[in-house]
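Visitor: Residue-level listing of the chains:
Number of protein chains: 2
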Amino acid sequence: MDELILYTKEVVILNAITEEYALGTHLLVELRKCNHETLVSLEKVKGFMVAAAKHAKATIIDISFHEFNPFGISGMIVIAESHLSIHTWPEYDYAAVDIFTCGDIIKPQDAADFLIEKFECKDPSIVEMKRGLSPQKRPHKAEEDT
Amino acid sequence: MDELILYTKEVVILNAITEEYALGTHLLVELRKCNHETLVSLEKVKGFMVAAAKHAKATIIDISFHEFNPFGISGMIVIAESHLSIHTWPEYDYAAVDIFTCGDIIKPQDAADFLIEKFECKDPSIVEMKRGLSPQKRPHKAEEDT
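Residue numbers (numbering that gives the first Met the number 0), protein chains in the order written: chain A, 0 to 145; chain B, 0 to 145.
Isolated chain A, as found in the complex (with noise of 0.2 Å):
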C-alpha cells in the first residue's frame, strides 16, 4: 500500500473535500492541558462522557470505565451510533478521546465541544476521519430487504 507520511499538529479533516461518501465520522480529540483533579477522577470521567454521549443525542447501549494503577482511566462508551471512548493520563493532564458516530442526527463535534469545556481543556486539537468511504451514498443502517 502506498504511505502518505504527514506532520500535523492542530486540527486535520481527512476525506472532507472528496467525492465520495462516508458511513461514520470519527473525530480524534486531543485534550492537553486539562483540569488534573477532574482526570483522577473516574467519578467525574464517567459523568463527563455519558453526559457527552447524551449531548450528542447518542443511544447508550452498553458503559465500561476502569481506574487504572497508578493512576489513569480508561472508558468506552457504546452507543447504538458506534462508540466514545477515553483514556487519561492525568501525570501529563491529557486525555485522548474518540468519538465515533454514523447517521445524520448524532452531532459528535457537540460531544467533543462538551469534554473540552467540561475537562477545562485549555489545547485541544481534533482529527476527523471518514470511515467507510464509498463512491455511492449509502444508509449507515440499511433496509433490512434491501
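Since the hints were derived computationally from the structure, they do not count as laboratory data. Glycine residues also receive a C-beta, built at the ideal position from the N, C-alpha and C atoms. Take the hints with a grain of salt, since some may be wrong.
Straight-line Cα separation of at most 20 Å, EDC-like style, residue types lysine to aspartate or glutamate; simulated pairs [claimed, not checked]:
(1) B/Lys-121 to B/Asp-109
(2) A/Lys-45 to A/Asp-109
(3) B/Lys-136 to A/Glu-90
(4) B/Lys-117 to B/Glu-36
(5) B/Lys-45 to A/Asp-61
(6) A/Lys-129 to B/Asp-92
(7) A/Lys-136 to B/Asp-122
(8) A/Lys-140 to B/Glu-90
(9) A/Lys-129 to B/Glu-90
(10) A/Lys-129 to B/Asp-122
(11) B/Lys-45 to B/Asp-92
(12) B/Lys-32 to A/Glu-19
(13) A/Lys-45 to B/Asp-61
(14) A/Lys-140 to B/Glu-36
(15) A/Lys-136 to B/Asp-92
(16) A/Lys-140 to B/Asp-92
(17) A/Lys-136 to B/Glu-90
Reference excerpt, derived from the structure (chain B facing chain A, CB under 8 Å, subset only) [what the hints assert, rightly or not]:
(18) Ser-63
(19) Tyr-91
(20) Gly-131
With chain A's structure known, arrange chain B on it following the hints.
Guide: Leaving out everything else, chain B in the frame of chain A:
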C-alpha cells in the same frame, strides 16, 4: 484552530516525521471487501477481536459486544494498554476497526494484520495516528512518585 484539509484513500501515517514523542499509537483500520458470513456472526467477530488483542500481547480488561437490528455488530475491548473496537456493516462487507495501544510491548500492527487475514479482507487500509504528542519523551506509564 487552523484547519488542514486533505484527501486520502490508502495509507496515512500522521505525525510520523516529527521531533515529538507519543504516548500512544492508534491504528484506524478500514476493512473493505470482507467475508460477509464473518461480519454477521457475533461469535466470529468477537472471537477474532479477542484473539487479535491476545495476538498483539494486550492485557484484556473488559469485553463488550452487541448485535444490532437488522444487522451490524459493535464491539469494544478495553485493554490495559488502551482499546480495540469494531463496527461492522455486513450489508457493505465492511468493518471499521480501531486499535489504540500504548507502551513498547504491544504491536498494534500485528493485531491489524491478524484481523485482515481472519476477516478475509481484500481491500484494507490503515491510518496510523500518534496520540499524546510531546516534545519530551515521557513514559506511557509514570511511576507513582514522579
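Visitor: For every hint, state whether the structure bears it out.
Guide: Here is what the structure says about each hint:
1. B/Lys-121 to B/Asp-109: Distance ~17 Å between B/Lys-121 and B/Asp-109 Cα, so the pair holds.
2. A/Lys-45 to A/Asp-109: holds, 17 Å
3. B/Lys-136 to A/Glu-90: holds, 13 Å
4. B/Lys-117 to B/Glu-36: holds, 12 Å
5. B/Lys-45 to A/Asp-61: holds, 16 Å
6. A/Lys-129 to B/Asp-92: holds, 17 Å
7. A/Lys-136 to B/Asp-122: holds, 19 Å
8. A/Lys-140 to B/Glu-90: Within the cut-off at roughly 9 Å; holds.
9. A/Lys-129 to B/Glu-90: Distance ~18 Å between A/Lys-129 and B/Glu-90 Cα, so the pair holds.
10. A/Lys-129 to B/Asp-122: holds, 17 Å
11. B/Lys-45 to B/Asp-92: Given pair B/Lys-45, B/Asp-92 holds - Cα atoms ~17 Å apart, limit 20 Å.
12. B/Lys-32 to A/Glu-19: holds, 17 Å
13. A/Lys-45 to B/Asp-61: holds, 16 Å
14. A/Lys-140 to B/Glu-36: The hint holds at about 18 Å.
15. A/Lys-136 to B/Asp-92: Within the cut-off at roughly 15 Å; holds.
16. A/Lys-140 to B/Asp-92: Holds. A/Lys-140 to B/Asp-92 sits at ~13 Å (cutoff 20 Å).
17. A/Lys-136 to B/Glu-90: holds, 13 Å
18. Ser-63: holds, 5 Å
19. Tyr-91: holds, 6 Å
20. Gly-131: holds, 5 Å
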